[in-house]
Every structure is written in structure tokens, then in C-alpha cells.
Amino acid sequence: MRLLLPAALVLLVLAVPVSSPAQRAQTEITAGITSTAYLKTDVLVRPSDVLSGGQTAAGAADVIDRVLANDLVFSGLCRVGDGIMPAPAGQDSFRFDWTIEGTVEGPLRDAAQTGEEVPLTVDFNLLTYPGRQLVMNKRYRPHADQYRTTAHHFANEVLAMITGEPGICLTRIVFSRGTGDRRDLYVVDYDGEGLLRVTANRTLNLCPDWSPDNTQIAFTSYRGGQQGLFSLDTASGQVRQIIAQEGLNLGADWRPDGKELLISLSRSGNPEIYRIDPVGNIIKRLTVSSAIEISPNWAPGGRELVFTSDRTGTPQLYIVDDSGVGGRRLTFEGQYNDSAVWSPNGDRIAYATREHDVTGIVLVKPTGEDRRVITGDHWRNCEDPSWAPDGRHLVFASDRTGVFKLYVYDVVDESFRQLTFGDDPDITPAWSH
Amino acid sequence: MFAGAKKKSMFLTLALVLGIVLIAFTGCSKKPAAETEPVMPEVTQPSETIPRPVEPEPVDPNANAIDYPGLDPSEYGVRDVFFAFDEYDLDDKALAVLSENARVLKEANVLVLISGHCDERGTVEYNLALGEKRAKAVRDHLVNLGVPSGKLLVTSYGENKPFVQGHSESAWAQNRRAHFERP
Numbered sequence: 000m001r002l003l004l005p006a007a008l009v010l011l012v013l014a015v016p017v018s019s020p021a022q023r024a025q026t027e028i029t030a031g032i033t034s035t036a037y038l039k040t041d042v043l044v045r046p047s048d049v050l051s052g053g054q055t056a057a058g059a060a061d062v063i064d065r066v067l068a069n070d071l072v073f074s075g076l077c078r079v080g081d082g083i084m085p086a087p088a089g090q091d092s093f094r095f096d097w098t099i100e101g102t103v104e105g106p107l108r109d110a111a112q113t114g115e116e117v118p119l120t121v122d123f124n125l126l127t128y129p130g131r132q133l134v135m136n137k138r139y140r141p142h143a144d145q146y147r148t149t150a151h152h153f154a155n156e157v158l159a160m161i162t163g164e165p166g167i168c169l170t171r172i173v174f175s176r177g178t179g180d181r182r183d184l185y186v187v188d189y190d191g192e193g194l195l196r197v198t199a200n201r202t203l204n205l206c207p208d209w210s211p212d213n214t215q216i217a218f219t220s221y222r223g224g225q226q227g228l229f230s231l232d233t234a235s236g237q238v239r240q241i242i243a244q245e246g247l248n249l250g251a252d253w254r255p256d257g258k259e260l261l262i263s264l265s266r267s268g269n270p271e272i273y274r275i276d277p278v279g280n281i282i283k284r285l286t287v288s289s290a291i292e293i294s295p296n297w298a299p300g301g302r303e304l305v306f307t308s309d310r311t312g313t314p315q316l317y318i319v320d321d322s323g324v325g326g327r328r329l330t331f332e333g334q335y336n337d338s339a340v341w342s343p344n345g346d347r348i349a350y351a352t353r354e355h356d357v358t359g360i361v362l363v364k365p366t367g368e369d370r371r372v373i374t375g376d377h378w379r380n381c382e383d384p385s386w387a388p389d390g391r392h393l394v395f396a397s398d399r400t401g402v403f404k405l406y407v408y409d410v411v412d413e414s415f416r417q418l419t420f421g422d423d424p425d426i427t428p429a430w431s432h
Numbered sequence: 000m001f002a003g004a005k006k007k008s009m010f011l012t013l014a015l016v017l018g019i020v021l022i023a024f025t026g027c028s029k030k031p032a033a034e035t036e037p038v039m040p041e042v043t044q045p046s047e048t049i050p051r052p053v054e055p056e057p058v059d060p061n062a063n064a065i066d067y068p069g070l071d072p073s074e075y076g077v078r079d080v081f082f083a084f085d086e087y088d089l090d091d092k093a094l095a096v097l098s099e100n101a102r103v104l105k106e107a108n109v110l111v112l113i114s115g116h117c118d119e120r121g122t123v124e125y126n127l128a129l130g131e132k133r134a135k136a137v138r139d140h141l142v143n144l145g146v147p148s149g150k151l152l153v154t155s156y157g158e159n160k161p162f163v164q165g166h167s168e169s170a171w172a173q174n175r176r177a178h179f180e181r182p
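Chains as they are written, first to last, in numbering that gives the first Met the number 0: chain A, 0 to 432; chain B, 0 to 182.
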């Protein structure tokens, strides 16, 4: 098979920082909408051929095939079939446009004899279907802890080939897990795998936000005794203090260029929105009122921001420019609106609203038009939405099962997927870039 | 001839310099009596105006002040105050409790932390802000009643440290409070 490939073999050696032993979390599709199936690309993914390497290679092939298929489905852009099972009941039958064929080879030297761990060789071909014209070939040399990452890499390549947009298969979500006055930050892969705890300081750690290059996570913590804003270096795990003024140091949001953050500080007596630089110097105060001003979030261009103010007596959303002027009120429905986040392409704002004593997630255009609640009453309380970089998915926390867990929503399919499991509450998620 | 003139002029210059130095010396030794006093303060003053680090206002070691070593405020009669949903105004009941708290705190030689709390409803960030508003409303009222502000610290835990678990109004009402604790 490989002899037929063009000379332009792409060799990709993985050098991706890998999380500690992956903690398995099941993922499930909690709802599926079939009406948009015709918009999706059908991909035939046959099980990879194991050319050599015995059980190790066979196990790797299983993991890689499963993760790859999940990635294509989770993207919302594809339906995946194996050529044997029919399309799910109620859906149109498969009309494949593409097929993916993979091979997995064991190491040339026997790892058991040499005592060293040698990478496998994984080849993927993306072909047209049924014409079998080669569109793309990638080769990877993953070590044992890189099988899932390998599949994510190739899935991203396939999605970029199909849509022209980069996939989100290597993104992660940081969130706060715990109860009472002990909540720690955890990071989980976008597909719910690879859970990793990243703080352990026996205090509250809340409201994280990734820097645009994903090298830092800013978060609010009481690790200094009082509340402060800190930054976690995602490569080294080192934590540094950004700012710790008297009172609140809350809800930081990185500007898309990474040079500034928005934050709510109550140093003047009550919470106001400020622009600060990444080492904590205050650049500009944007609000002046005796009300609560919190939850600032940049528009994609970094020229405008949306935030929450209760200056009218109830928390509502407002939009101002980056010097704090030109304010306009975004929300007039609902007695309680907070946690606004601007979608990466700028066409929507997601936020949390309280109606009938339940908090739900709302999507609205920045003009205030096309408001719709995406979580019904059976979802109970849903809070803290955060957008994926594809602008199609968002993650939020819901206590629909009695305890707050994270869920991913597909804006196009209007489908939900539970992301985190377990008994401890998970709150304030933030999707990486 | 030129050399002789040069020597002569050198001698003259030397004498002149010596003379100037001599005058300067004697002039200096004579002047202090008249001019030292205005100069001295300028030297000493700067060291007195070096800004001292700002520290928390110390609690007055009042002779009558009562010590409560190791006790929680609730153990010497300081009680928590409660709020309505999404409110940080002090109602009549809260004002009555704070009057009594103020009396105790004025007589006590203590430092207390007022922490603001909210019920589980609403968002994490807004509740942290609301909790701080509650704690500060209580602090400001106590200061108005004469409690030294240096005795009072303020923080907010929002909805993160509920006193009562549960999803009923009775649980929520218990959790919407300003709590007095040892810092």
C-alpha cells in the first residue's frame, strides 16, 4: 500500500507535552439532531491494518481509530461509518465522500529485548470515495503515551482539508473542581479524556482563562489568604501573582493579542472594570459607578468589551469600547444576566440568564437580536459559557444531575455532550485557543 | 631672560594661589558662627520626612478593652446578619443586630473578619461581588456606629462556603449572610 504513495511523504514526529496517565472519562452524546445530517460530510473510517508489532500495535490501533472517529463526529462536521454498520436509525443512509485508511507498524527492534520504549509507525491516508484518489498522507511516530494525540493531530488535518478551518481536536478545557472553600483547577482534553489537576493549594481557585497562546492560565485564587489574580505557566506548572489589590481581583479575560487583560477590581470600594497588563500594572479604569461591575469579556478584535453591571438595580449586560465610552445596554429581557462571552468570530454573545428561578444559557447577536435560550428547564441551572475556537461549540456548567458538571453544546446541531463526570462540582470552565 | 621671567611668574602664581587658599581657610573658620544655623535644618529634615510603610491601623490598647484570645466572634456575642435575595441593603433586623455587635466590638480588643456569603442561585462571579457588597455594607455601618475601622477586615466567598446545604428557601436564607470570624 505505502509503495503507491507519492514522494511527498510527510513525516511528523510528535513532540507534544503529554499529560499524566490519562484518567478515563466516558463521553456520550446526550442528544442528536438528524435534520442537519445532509450538511455533514460522510467519512468511511475502516479499522487500521496492523502490519507488525503484535498486541502493542493492535492496542494502539484501537485507541487511534476510536479517537479519530470521535474527533470527526464531535466536530459536528462529519458522520463516520465503518462500512458495515448502517447510519443511526432515523438518519439518512451514509453517502461517503471520503475514506480514511491507516496502518500501524510495530518497532523494528523488539522493545522488550532492548529495554527501551520505541515508537510505533502510524500511517494515515485520506482518499476520495469511491474513487480512491489520494488527498493526503501523514506519518507519525508516537510513543505509548501519544496515541490519542496522534489521532487528534490527524483529525485536525482532515477537518482542515474538508472545511478549510482548523479543527479543535487538540484543545483543552480548564475548570474549577471541588466543594466549599477548596476548589482546584483541572484541565481536560476537549473530548473528556486526559484529566489533569493543575493546582493544589487548599484554597479556592476559580474563573480561569487561557492566554491566547495557551502558555498561561490566569485565575482568581485565595492562595495568598486574600483574593488575588494569579497566572499558571502551562509548561512548567509555576504560579505567579499578577495582581492582588484589596478586595476583588476577579474574572480576568485575556485580550486576543495577549498584551492585556480585563479584570474586575474593588480597590476603589466597589467592583469596577480595569485594563491591566500581564504583570499587573493598571493601564486604564473603564467604569465609574457605585454599582457592581464584573465579568468583562473582549470582543474578538479587542476594541470593544461586554460586561455585567447592576447599575439599574439588576445585573444586565453592557458593551463599551476599550476606553470605557460609548456604552450601550445589550440585555433588556430577564432580571439577572451575567457571564457574557463573545464568540471567536464575533457574531454571537453567549451568557447566563435567570428566569423562573433557573439559570439558563442564552445566545444573542451583539446587536441584541435573535435571542434564544439554548437550555430548557430540564437543564436546571446552567452557568459560565465559554466558546471553543471554532465558534461552533461552547462549554458550560450545569447541575442537571444534581451536581454541577460540564457540558459541550453544538450551536449548529443544537446537541449536547457531557464532558466531565464524577461527584465533585465542576464550575467556571474556559476553553483553550 | 625668558627663563627668568617664567620662573618669576610661576612664583607669583604660587604665592597668589597660597594667598587664596589662606583667605579661604580663614574665611571658613570665621563664617560658621554666622551661617551654620540655617544650614543645619536642611540636612536633618529629609531624614525625618522619609515615608514610613503604611501598616494596618493598630488596635488601640485601650485600658478597658476586653481580650477574647482564640475565640470566634460568635462566642463573645457578635452575631451574623442576613440578607434578601440579590440584596445588600441592611434591613431593620440586621440594623438591630449590628447595634449590639458595635457595642461589643467597641469594648473588645479584637480584629474580626467580615465575610460576605450568597445562596447558590446566580452566577459565581456576581455572587462574589454581591458577597463583598454585603460585607462592606456591614463594615461601613459598624464604622458609622463608632467601631474603629482598623478592627474590621472584609472578604467575600460568594456562594462557595454555604453554611447550610440544600436547595430550599430556608437553606438559601441561611446562606445569604455577612459572617463574623477570626481572621
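Possibly wrong hints are sitting among the right ones.
[Unchecked claim] One side of the interface only, derived from the structure: several residues of chain A facing chain B at Cβ under 8 Å:
{"no.": "1", "residue": "Thr202"}
{"no.": "2", "residue": "Leu205"}
{"no.": "3", "residue": "Asn269"}
{"no.": "4", "residue": "Thr311"}
{"no.": "5", "residue": "Pro314"}
{"no.": "6", "residue": "Asp320"}
{"no.": "7", "residue": "Ser322"}
{"no.": "8", "residue": "Val324"}
{"no.": "9", "residue": "Thr427"}
[What the hints assert, rightly or not] Footprint (simulated), chain B over chain A, 3 or more residues, beta carbon under 8 Å:
{"no.": "10", "segment": "171-182"}
{"no.": "11", "segment": "246-257"}
[As the list claims (entries may be wrong)] Stretches of chain A that chain B covers, calculated by requiring three or more beta carbons in the stretch to come under 8 Å of a beta carbon on chain B:
{"no.": "12", "segment": "289-295"}
{"no.": "13", "segment": "334-341"}
{"no.": "14", "segment": "351-357"}
Hint data in this document are derived by calculation from the structure and do not stem from the laboratory. Just so you know, even glycine gets a beta-carbon here, dropped at the ideal spot from N, CA and C.
Results of checking the hints against the structure:
{"no.": "1", "hint": "Thr202", "result": "violated (10 Å)"}
{"no.": "2", "hint": "Leu205", "result": "holds (6 Å)"}
{"no.": "3", "hint": "Asn269", "result": "holds (7 Å)"}
{"no.": "4", "hint": "Thr311", "result": "violated (13 Å)"}
{"no.": "5", "hint": "Pro314", "result": "holds (6 Å)"}
{"no.": "6", "hint": "Asp320", "result": "violated (22 Å)"}
{"no.": "7", "hint": "Ser322", "result": "violated (23 Å)"}
{"no.": "8", "hint": "Val324", "result": "violated (23 Å)"}
{"no.": "9", "hint": "Thr427", "result": "holds (6 Å)"}
{"no.": "10", "hint": "171-182", "result": "holds (count 3)"}
{"no.": "11", "hint": "246-257", "result": "holds (count 4)"}
{"no.": "12", "hint": "289-295", "result": "holds (count 3)"}
{"no.": "13", "hint": "334-341", "result": "holds (count 3)"}
{"no.": "14", "hint": "351-357", "result": "holds (count 3)"}
Consistency note: the structure conflicts with the earlier hints numbered 1, 4, 6, 7 and 8.
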